[in-house]
Every structure is written in structure tokens, then in C-alpha cells.
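Novice: The lines below spell out each chain.
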Amino acid sequence: MVWVLGLAACAPTEVEMCPAPAGSSATCEQACQNLFAIHCRVGESEEECRRLCAESTSGLDGSVVNAVLACYAGASDCVEVDGCGKTCGPSGGLVPFVKPDVDAGGPPCTDDGFEENDDLASAEPVGLPSSTPATLCPADDDHYSFALGMGVSVTATATFAAGEADVQILAADGSSLSASGPGPSPRTASHTALADGTFFVRITPISTEVGAYTLDLRSP
Amino acid sequence: MQGPSSGVLGAAALLGLSLVATAARAQPSEAALAGAGADRETVARDREQGEDPGFDTGGELGYAYLDELNYLAPTLSADARVDFFQGALRVPLRLDTASGDLRKKDWDETSDFFRIGQCLRMDWSSDGAFEREHGLCLPWDVHRDDYYISARMGPVYDLDLAHGTILRAYSNNLDPDHFQSGVVANMQFHQFVVGEMLLDNVTRPELIGGTVALQPFAYEVDETPEIYEYRHHFHVAATAVSDLGAPTEVRTAFGRALTDDAGNLLYRRDPVTVVGADLQYRFVFGQQIELEARADWNYITDHGMGTHVQVWGIYNHPDWLYTVRGIGEFRYIQENYIPNYFDSYYFIQRQQYGLSAGAQEQLDAILTGPDSTFATKGEYLAALPNEGWNAGYLGGISFEMYRGEGEARRTALRARLYISDVFGRDSDGQFLVTLELPRLMDKIDVYALYSRQNFGELLDIFELNHTLVKLQVRWDLNEQFYVQMNYGRIWQIGVDAVTGTTDGFSSNNEFGISLGFAEELAAAVAGGET
Numbered sequence: 001m002v003w004v005l006g007l008a009a010c011a012p013t014e015v016e017m018c019p020a021p022a023g024s025s026a027t028c029e030q031a032c033q034n035l036f037a038i039h040c041r042v043g044e045s046e047e048e049c050r051r052l053c054a055e056s057t058s059g060l061d062g063s064v065v066n067a068v069l070a071c072y073a074g075a076s077d078c079v080e081v082d083g084c085g086k087t088c089g090p091s092g093g094l095v096p097f098v099k100p101d102v103d104a105g106g107p108p109c110t111d112d113g114f115e116e117n118d119d120l121a122s123a124e125p126v127g128l129p130s131s132t133p134a135t136l137c138p139a140d141d142d143h144y145s146f147a148l149g150m151g152v153s154v155t156a157t158a159t160f161a162a163g164e165a166d167v168q169i170l171a172a173d174g175s176s177l178s179a180s181g182p183g184p185s186p187r188t189a190s191h192t193a194l195a196d197g198t199f200f201v202r203i204t205p206i207s208t209e210v211g212a213y214t215l216d217l218r219s220p
Numbered sequence: 221m222q223g224p225s226s227g228v229l230g231a232a233a234l235l236g237l238s239l240v241a242t243a244a245r246a247q248p249s250e251a252a253l254a255g256a257g258a259d260r261e262t263v264a265r266d267r268e269q270g271e272d273p274g275f276d277t278g279g280e281l282g283y284a285y286l287d288e289l290n291y292l293a294p295t296l297s298a299d300a301r302v303d304f305f306q307g308a309l310r311v312p313l314r315l316d317t318a319s320g321d322l323r324k325k326d327w328d329e330t331s332d333f334f335r336i337g338q339c340l341r342m343d344w345s346s347d348g349a350f351e352r353e354h355g356l357c358l359p360w361d362v363h364r365d366d367y368y369i370s371a372r373m374g375p376v377y378d379l380d381l382a383h384g385t386i387l388r389a390y391s392n393n394l395d396p397d398h399f400q401s402g403v404v405a406n407m408q409f410h411q412f413v414v415g416e417m418l419l420d421n422v423t424r425p426e427l428i429g430g431t432v433a434l435q436p437f438a439y440e441v442d443e444t445p446e447i448y449e450y451r452h453h454f455h456v457a458a459t460a461v462s463d464l465g466a467p468t469e470v471r472t473a474f475g476r477a478l479t480d481d482a483g484n485l486l487y488r489r490d491p492v493t494v495v496g497a498d499l500q501y502r503f504v505f506g507q508q509i510e511l512e513a514r515a516d517w518n519y520i521t522d523h524g525m526g527t528h529v530q531v532w533g534i535y536n537h538p539d540w541l542y543t544v545r546g547i548g549e550f551r552y553i554q555e556n557y558i559p560n561y562f563d564s565y566y567f568i569q570r571q572q573y574g575l576s577a578g579a580q581e582q583l584d585a586i587l588t589g590p591d592s593t594f595a596t597k598g599e600y601l602a603a604l605p606n607e608g609w610n611a612g613y614l615g616g617i618s619f620e621m622y623r624g625e626g627e628a629r630r631t632a633l634r635a636r637l638y639i640s641d642v643f644g645r646d647s648d649g650q651f652l653v654t655l656e657l658p659r660l661m662d663k664i665d666v667y668a669l670y671s672r673q674n675f676g677e678l679l680d681i682f683e684l685n686h687t688l689v690k691l692q693v694r695w696d697l698n699e700q701f702y703v704q705m706n707y708g709r710i711w712q713i714g715v716d717a718v719t720g721t722t723d724g725f726s727s728n729n730e731f732g733i734s735l736g737f738a739e740e741l742a743a744a745v746a747g748g749e750t
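If you read the protein sequences in the order shown, they are chains A and B.
The first sequence stops at residue 220 when you use our numbering, and every number in between is there.
The second sequence stops at residue 750 when you use our numbering, and every number in between is there.
Mixed in with the good hints, there may be bad ones.
[What the hints assert, rightly or not] If you want a taste of the chain A side facing chain B, the calculated C-beta under 10 Å gives, among others:
1. S56
2. A75
3. F114
4. V152
If you're looking for bench data, these hints aren't it; they were derived computationally from the structure.
What you are looking at is a predicted structure, and each value in this text was computed from that prediction instead of being measured.
Even for Gly, the Cβ is constructed at its ideal location relative to N, Cα and C.
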């Protein structure tokens, strides 16, 4: 279930008011890179920004997405950034970004037995190698922990039937060591340990329909 | 000077840097009670002729709790006094006990570095007396015939302008992640003219305000002192407060709120200005009973206006053991007028109005659109209808006890309580209570504030979520050592665990306790006592 920021009665898409040159386009990566470069942050990291970008523009008209991303990528200050979402939308109005409404229900999702593995402290321990079937519900990250020796590499792969997700390998302090980036199945992240320790895998739902997935941890 | 209490004073200056309104205030003299202008009950404090220049230094070591983390909290402190200038300096650090890291949010903005200057002040007074800074950054209380100018820079707490109908209990530091150093200035010219000015942030000024009160008959121009004594009780004042950078709408990307690198929400802005005029007259019935009538008219420019009519009854105990002041206010306001617009929550609500459930209900009632989380107070004001008038009330009481006699009489306890509401406007109640215990047993200062805005039912007053609470205690163990404790129920911007984007202000706890030490390093004779 999603709801939309914007005007419900918008006319057909008109993007000619966008400050980006006609026909220009950019990727979420380029847009977020520029947002952080000009000190207009959405999310705490560029990586989170990219995930939000992919999530919020999912399902939008292609011409709107192209125009607004080009606008974000070319903006020189936060005033312009704010204007991008206001002028690239239908009839020069708000861009109808998609935003999950976790409080409003959404499709039924029966979570797995590993819950609540919503943060590092409650991460589910898994072995290496291992294959773990689980369920990813909207707006509910899953976390797994595993031990890794110095110089040993690990590859974490999440496979699922529908939707988009992001896989990250995290250090014990929560910092991200490797990320697949948001996208459809399969999503893979790899890392080689520089020291013995406990590491974590975080699976983040980008869209609401991921559901069942399998996490495979492999060491070459 | 190395008087018997200088160590204590030095310690007070050092420690009390973060304490507010805990001055060892004296009891009001009859002259002081005739104060005009600000609503502050003017009282005399410890003062000395020809204060010596001096320099004290010391430090504190303590424990702090914030962000659900434990911190080691060392602080370097210093206090300097040279002629009309005094500076209370400190370098407060918070080190994560788990990682040893310095808390980055304490020092990631330009304005954060003004934490070092907790109180920098300049004071000129015609009577030549000098009052030592106790780290309180409060104005001196001077006789009505004196001339006095004071300018003080530091955090601003619990400030009223004029009768408080425009700006009441205002604080500019309710988010520990974003420090602001403001300026408050006072002036008095024989009480013929009395004024006060406020600036919220020296690094990025946005809120500026001032009030000027005239007592047109206060100047003794003829040989009729008895007439003067009655006439001088009349005063007229004008007040203006403007938030030049009042947020109107949060800036977004991908439909989410934007922040700068320090986590400040980014807004589109449009000034909000409130102007007002007021009259006041005090009737005196002997030494014990006084009655005061006040009438304020205020206008939020481009929005609505309101009138406030107050009656104060004042009873002084015959032996000056205590004073009780009671207030009743009737207010008649337009629907698009908000009483004391710059209130105790303003620092937060200018950015996000819907903090409490009551405020959220107000927003939901008048704002359209799916997301009112980041609706600002300016946005709420603009959405109020301009269709009619509402009546409302404010009731309050203040109580002050004294100790000592004559010139040595001092305030032992001061408490005040206000409650107000507007009829026909849901969830618009305001509640404020403060308590001061200055120099209890000559060792302990206590200051407490509890403020709840936007409540609907009376029992909501005791809901702690999104209530402003401050408790500060200082205990002088001896002339060098002291303990200080503070607790705050304040606000911080939260981050959504799933999206990583800000999800608005949440109500959080801040606690600290420390042991401090201060010693006078240097004192030069400057023509006064030694």
C-alpha cells in the first residue's frame, strides 16, 4: 500500500517547467551525488539517498523521472532542489513521489521466525557457508550476523521472486562495508575481512512486494 | 579582592554557567517594586562598590546522558572580570564512554563554538556598584532613579518581553544538537524610559524583538513629590518581535525532508512579525495591598489581532515574609491570532508545530494534504480562518518568600504558575510553572521549569511526551568545590530507522551531573576594597 504526495486532481504530466534542459536525464546515483555535494541531504548517506530515489520514483512516468533526476543532478543549491519536486510534476505541480505508508496496512506480510531481527543487536546468527530462507516485509529490515577470519572473503546473495531490495555487509559498528545497491533479484554484496570479527548482513526492502527470499552466504 | 565569599562566587561564576535564573536575588525594596517595563519583579542582588578585576579558573568532571548513551563530561572553565566586562567561559565536552569519541553533534556547526562563551556581558550603571556575574546572565536590578545599560550574550532561557502576551518563557536552546548564543540587552533611564531587546542567534540572527516602556510622569519636574508618587505608576509601552526567518514549509527531495550536513531541517522562509502596545497602572493601598491594571493590544502582521486585559492583585506580608501576586486575564482575539506567539516551545514549533497530540489535532483540523508532520507554526498561522473572534483567559499566581531583614533581605523562594486557554479553539491550552530556590542555606540553588503547550484536557498537562522540563541544581560543598546537576526534557530531530530520513522532532531526556572546582588565580586592586 502506498500513498502519494501531491495533488490528486493533477492534469496530465507536463514537465516543461523543470529547470533541467528538455530531454535531459540522470540516474539516482548522479542525483544523490550532487545533493550531498551541495549540502542538501536526504537520508544520512548517499547510499540511503539512492535507495529512497529508487523507491520514490518507482512507477512514475518516465519523462517525470528523467526530468526530476536531471534537475536534482544539476541543482546548485537547496532552493533549486526544492523547486525540482515542485515544478517537474503534473501541470507544474508537485511530483507525486511514492512513499510507503507503513502505518496504513499494505499487502499482508507474514514475517519469518527470525523476527525481531530489526537491528544489529537483534541480528540472527548464521553460519558460513549457509542458505537461509526468510521473509522480507515492507519497511522492516532483516539482520544476520556471522563470524569471519582475517583475509577471508564472503559473498552475500539475496534471491527473491518479486520487487526490489538492497543487501549490505556491515561492520560491528554499523558502518557499511559493501552494498549491492537497490534493485531486483538477485542482490549481491562481497567483502574481505581485514581482521577477525563479527560482521552483519542487512536486507532492506525497497519495494513492498519482496516477500519470501533466500540469503546465501558463501566463501570462495 | 579575596573576600570571605570570593571562592564561592568564583565557583558560582564557573559552575553556574549553564544554570539560569538561580541568582541569589534579594527581596524587593519598595523602590524596586515600582519597576516599569519588563514583567520581571525587580529585586536587588549582592553588589559591591568598586569590584576588582579578576580571573578565576577551574573545571568540572561529570557524567552525562543523552541519545540513550553515556558520556564522560569534563569541562574547562574560566571567569574574567575587567571593569564593565565580564565573561563566563567554558569548554564543555562529552566523550562517549564506550568509544571515547567526542560527541560530534556538539561541535559540528559554527554556532556550536559559542558554547565557549556561556555568558559575555557588559554593564554600565550610574550608581557605580558592581555585581559579579554568577554565570546567570541576568540583568542587574537597579534602583529606579539609576541609569543602566546591559548587554549579555549567551543562551537565552525563560525570557518574557513586556507583559508576556507576545513573547513568554522563550528559550533559544531546546535542541542540544544545535547550540545558539543570543543577545539580551536592557536599558533604563531613570525609569522614564525602560527597554529590553532580544536577538536569538548571533551567528544567524532570525528572531529579533524589543520593548520600550515610558513612564511619562516618572520624571520629577516640579515640587509635588506626592503627586509624582501617584503619577509615576502609569506607564505605556510598545513591543515588536519578528522572526525574520520563520519557516513556512520544509524543503524536500523525493518527497522527504531535506537537511544540511549538521542535520538542520531546511525550509522556505517568510517573516512573522507581532507588534503590540500596552498600558499599565498600579494602585497602591498602603504597604500591603496593590492592584495593577494592564491592557495589551497585539497584532500579528498580515494576520489577526488580540486584546489582553489583566488585573493583578498583590499582597505583601506586613513583615515582608512573603508576597503573593495573583493575575486574571481576559483575552478577546481574532481566530487568526495566537496569544504569546513566541512561547516556550517556539524554538521547536517554528519548525514543526504538530509536536503534541493536541497540536497535531489542530493541524489536522485546518491543514489539507496527506502529511502534516513537518507543518510549521507559520503554516498553521496562515491556515487559521479569519472569520470571527474568540474569548479566552489566563490565570496565574506567583509566590515569593524572603529571608533576612532590611538591606540583607533576600528571596528565599519564588514560584509562578500560569494556565491559559482560548474558548472555542481545541487543544490550545498553555501551562507554565517555574520554581526558584536561590541560595538555600547559602549553599544550594534550584531552578525548575515545566511547560506544556497545546493541551486539550487538564490532565494532559501531566503528559511528559513533548513537554518542556528543566531542572537545575547547584550545591556548593565548600569555597572551591561544588556539585551541579541538570535534567532536561527537550527535543531532538529523529531519523527514521528504515529510510534514514528525518522523521521530525522527538521528545528526549538530557541529564548531567558533575563535580566542579574553581579557584581565583588573579585579582588586582582596582580602587575598591581589598
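Novice: So which of the earlier hints does this model not fit?
Specialist: 3 and 4
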